[in-house]
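Could you slot chain D onto chain V? The hints should help.
Chains as they are written, first to last, in our numbering: chain V, 21 to 244; chain D, 61 to 315.
Note that these hints are calculated values from the structure, not bench results. Possibly wrong hints are sitting among the right ones.
Claimed, not checked - The calculated BS3-like cross-link candidates involving lysine-lysine, where the alpha carbons are at most 27 Å apart (straight line), are:
hint	chain 1	residue 1	chain 2	residue 2
1	D	Lys-172	D	Lys-73
2	V	Lys-112	D	Lys-90
3	V	Lys-112	V	Lys-100
4	D	Lys-66	D	Lys-159
5	V	Lys-116	D	Lys-237
6	V	Lys-116	D	Lys-172
All of these numbers come straight from a predicted model, not from anything done at the bench.
Each chain is listed here by its residues.
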Amino acid sequence: MFSKLFNHLNSSIIKKQTMGVAGLLLCGFITMHFLGNLLIFVGPEAFNLYAHTLTSNPLIYAAEAGLLAIFLVHIGVGVKLTIENNNARPQKYYMKQPTGRGANFSSSTMPYTGIIILIFVILHILGLKFGTYYETSYDGVKMRDLYKLVIEYFRQPSAVLGYVVAMLSLGIHLRHGFWSAFQSLGFNHPKYNNLLILISKAFAFIMAIGFSSLPIFCFYKGGN
Amino acid sequence: MGDQSKLMSLNLKIWRQPNSGSQGEMIDYKLDGISPDMSFLEMLDVLNEELVQEGKDSIAYDHDCREGICGMCSLMINGQAHGPEASTTTCQLHMRKFKDGDTIVIEPWRAKAFPVLKDLMVDRGSFDAIISAGGYVNCNTGNAPDGNAIPIPKESADLAMDAAACIGCGACVASCKNASAMLFVSAKISQLALLPQGKPEAQKRAESMVTKMDELGFGNCTNEAECEASCPKGIKIENIARMNREYLSSALKSK
Chain V
21 MFSKLFNHLN
31 SSIIKKQTMG
41 VAGLLLCGFI
51 TMHFLGNLLI
61 FVGPEAFNLY
71 AHTLTSNPLI
81 YAAEAGLLAI
91 FLVHIGVGVK
101 LTIENNNARP
111 QKYYMKQPTG
121 RGANFSSSTM
131 PYTGIIILIF
141 VILHILGLKF
151 GTYYETSYDG
161 VKMRDLYKLV
171 IEYFRQPSAV
181 LGYVVAMLSL
191 GIHLRHGFWS
201 AFQSLGFNHP
211 KYNNLLILIS
221 KAFAFIMAIG
231 FSSLPIFCFY
241 KGGN
Chain D
61 MGDQSKLMSL
71 NLKIWRQPNS
81 GSQGEMIDYK
91 LDGISPDMSF
101 LEMLDVLNEE
111 LVQEGKDSIA
121 YDHDCREGIC
131 GMCSLMINGQ
141 AHGPEASTTT
151 CQLHMRKFKD
161 GDTIVIEPWR
171 AKAFPVLKDL
181 MVDRGSFDAI
191 ISAGGYVNCN
201 TGNAPDGNAI
211 PIPKESADLA
221 MDAAACIGCG
231 ACVASCKNAS
241 AMLFVSAKIS
251 QLALLPQGKP
261 EAQKRAESMV
271 TKMDELGFGN
281 CTNEAECEAS
291 CPKGIKIENI
301 ARMNREYLSS
311 ALKSK
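Isolated chain V, as found in the complex (with noise of 0.2 Å):
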């Protein structure tokens, strides 16, 4: 009954869809996180109100769980593209040389920089979302003290250096991945493929530069 679904669910092109969409999905997420980050700058109590008002809401739950969903196609459809591609040629070339005119350092690391993210995804979620639980209130009302816990994770030089090297990942992984994601779901044209391609680079660029901004704020706002 589910066959005819499942062979075009399984068939290559709607795989790089899905892995696109999930992709465009998360670009979502992370700007999000990004502009709710920026708070940082502000201070302690914008922060840690933004947190607690976003972590305070039962809706939440059902947020993250999306969110983890679309995390898990990503990752599983891609690994199952990148095996199905190193199936396909098995026997490699005596000389491979890139022509120049096509693929690029950010569309030939699209699985290492991958991989990077996921490292950082997994020990970030560890050592901030389950990290000390510190705790403060604002007006009578108690909430978590997020930005203590920020501050104090970033003063580890390791951890800023590890935060930093995978935001340059993830802006690798941006430039190639959210235009890639168009071009997957049938969207190239020569009239708007230029600026397509400038807004993907826009993206990593600010992602990348914007999120890196942070850890080393808090560097140095840490006493260091």
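Frame of chain V, contents of chain D only:
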């Protein structure tokens, strides 16, 4: 003969494999007296003549028209499909693009769906299988309809013609790090989908051809455009986007 002082000496590293079932290996050859005006295939002909005179097995490679339009010649030359020049088939590549004393590495296309038959020759029958799966327009009754009976916008005709320039050589598969055939399949889908005669079957065609392509063990496109860069006919990856649209539409609507 041309200017003798310009003749080139080359070191060649060529893949030799007696048949599809055997293990192959890279073999070194030294070749002298090559004119820069020779085509790449003529250079191989000279080597083969020498091998035959020595009583050795000549090197098998595919070729036919030697005019850059039939799609028979192939060869990975120094790690690039059809060699270093853009928009050029191996038969149209000339030895003047190389220097005296150069080492040139020559390999067959490599893909699971393109098994090596002998030396530098691969079986590209999987492309034929994809075409048989739907790369045509059905005309079930009567004579072929008059092509000029239906008005076609110049722009559509041009785009269809650009897609139809694909000669099916397989350089897209060879140069793709994933051995994906999507540039070829998308060109064949586009050349028909862009014209009114091909429109009625466009989605069904995309579905059957993509299904066959997946079945044959080609890889998945990662949108790097190495295929476009190495295509001797300059087929654009816009065609892949068109195929993605046609397939998605078919997957959503088909019963």
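Hints, one by one, checked against the model:
no.	hint	result
1	D/Lys-172 to D/Lys-73	holds, 23 Å
2	V/Lys-112 to D/Lys-90	holds, 25 Å
3	V/Lys-112 to V/Lys-100	holds, 20 Å
4	D/Lys-66 to D/Lys-159	holds, 10 Å
5	V/Lys-116 to D/Lys-237	holds, 9 Å
6	V/Lys-116 to D/Lys-172	holds, 17 Å
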